[in-house]
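Student: Residue numbers (this note's numbering), protein chains in the order written: chain F, 74 to 155; chain H, 3 to 172.
Quick caveat, the hints were computed from the structure, so don't treat them as lab data. Keep in mind it's a predicted model, so treat the numbers as computed, not measured. What you were told as hints is all true, and nothing was included just to trick you.
Beyond 10 Å from chain F on every Cβ pair, some chain H residues (computed):
no.: 1; residue: 22
no.: 2; residue: 27
no.: 3; residue: 43
no.: 4; residue: 76
no.: 5; residue: 88
no.: 6; residue: 89
no.: 7; residue: 122
no.: 8; residue: 127
no.: 9; residue: 131
no.: 10; residue: 132
no.: 11; residue: 133
no.: 12; residue: 135
no.: 13; residue: 137
no.: 14; residue: 141
Derived contacts from chain H toward chain F, CB cut-off under 10 Å, selection only:
no.: 15; residue: 16
no.: 16; residue: 63
no.: 17; residue: 64
no.: 18; residue: 97
no.: 19; residue: 105
no.: 20; residue: 106
no.: 21; residue: 109
Where a beta carbon is used, it is the ideal one built from N, C-alpha and C, also for glycine.
Chain by chain, the residues run as shown.
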Amino acid sequence: MEPTRGKSSLSFVWIAGLALLAAGSAEACPLCHSSRAEEVRAGIRATAQSAALWLGLLVPFTAAGIALTGASRRDDIIEEDA
Amino acid sequence: MNLGSLRTAGIFLGIGLGGFVDGIVLHQILQLHNMLSNRLFPDTVVNTDINMFWDGIFHAFTWICTVVGLWRLWRVAQRRASPLNSKVLCGSMLLGWGLFNFIEGIVNHQLLGLHHVVQRATGGAQMFWDLTFLASGVVFIAAGRYLIQRGRAELREEARRGTSQRARVA
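Based on the sequences and whatever the hints tell you, model everything.
Tutor: Now the structure itself:
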C-alpha cells in the first residue's frame, strides 16, 4: 500500500506543478497579455511565412543529421586490425 | 566492436549542447546572434519579442537533439559489447558542435542573411565575427576528429591486449 500512496502523491505534485507552470506562463506570456500582444502575434505570423526562416532553422540540423549517416556507419576497430 | 553508435550519440549531443551554448551565451547573456536580427533588428520591444520567439523555436530543436543524443548514449551503455571511450565521445561531441556551427554560419549568415553573429557591428567587424564563428566550427571539427582517432587507437590497443573494461565486465 505504502509505495502506491507515495506514487500517487508524487503524481499529484507533478500535475499541480505543471498546472501552476502553465497558468503562470499564460499569465506572463507577452503573446497573450501585453499592450503589444497583437503586434507581436502579427509579427510572428508574418515571419512564419518566410521560407528563408524555416530553411535557416531546419537546414543546419538536417545537414548535420545527414552527415551523421557517414559517422554512424559500421566502425569495427578490431576487424580493422586483423 | 562497433563505434558507430557511440559516435552518433556524441554527435547528437554535440549539436544539442553546442546549440545551448550558442543560445545561452550568445543569444541571452551577450544578447547577440538572435535568429532574425538582420530582418528585424531587436531595438524595439516588439522586435525583441519576435526574435525571442524564434530563438525559442531554435532552442526547441537543440533540446530534441540533446534528448536523442542521451537516448542513443543510454542504448550504447546498455549494450555490453559496445565500447565506451571518453575520447571518442568527447571528440564526437566536438565534431557535432563544429559541424553545426559551420553549417549554421554558411547557411544563416552568408547565404540567407537571416542574422549575423554581432548584428550591431558594421562592415568589416560584422564579417570578422562571422568568419570567427565559421573558424570555430572548423577548429572544433579538427579537434573532434583528432580525439576520435586517439580514442580509436586506445580501444584498438585495449582490444589487442584484451584489457577492455567492458569486455571484462561482459
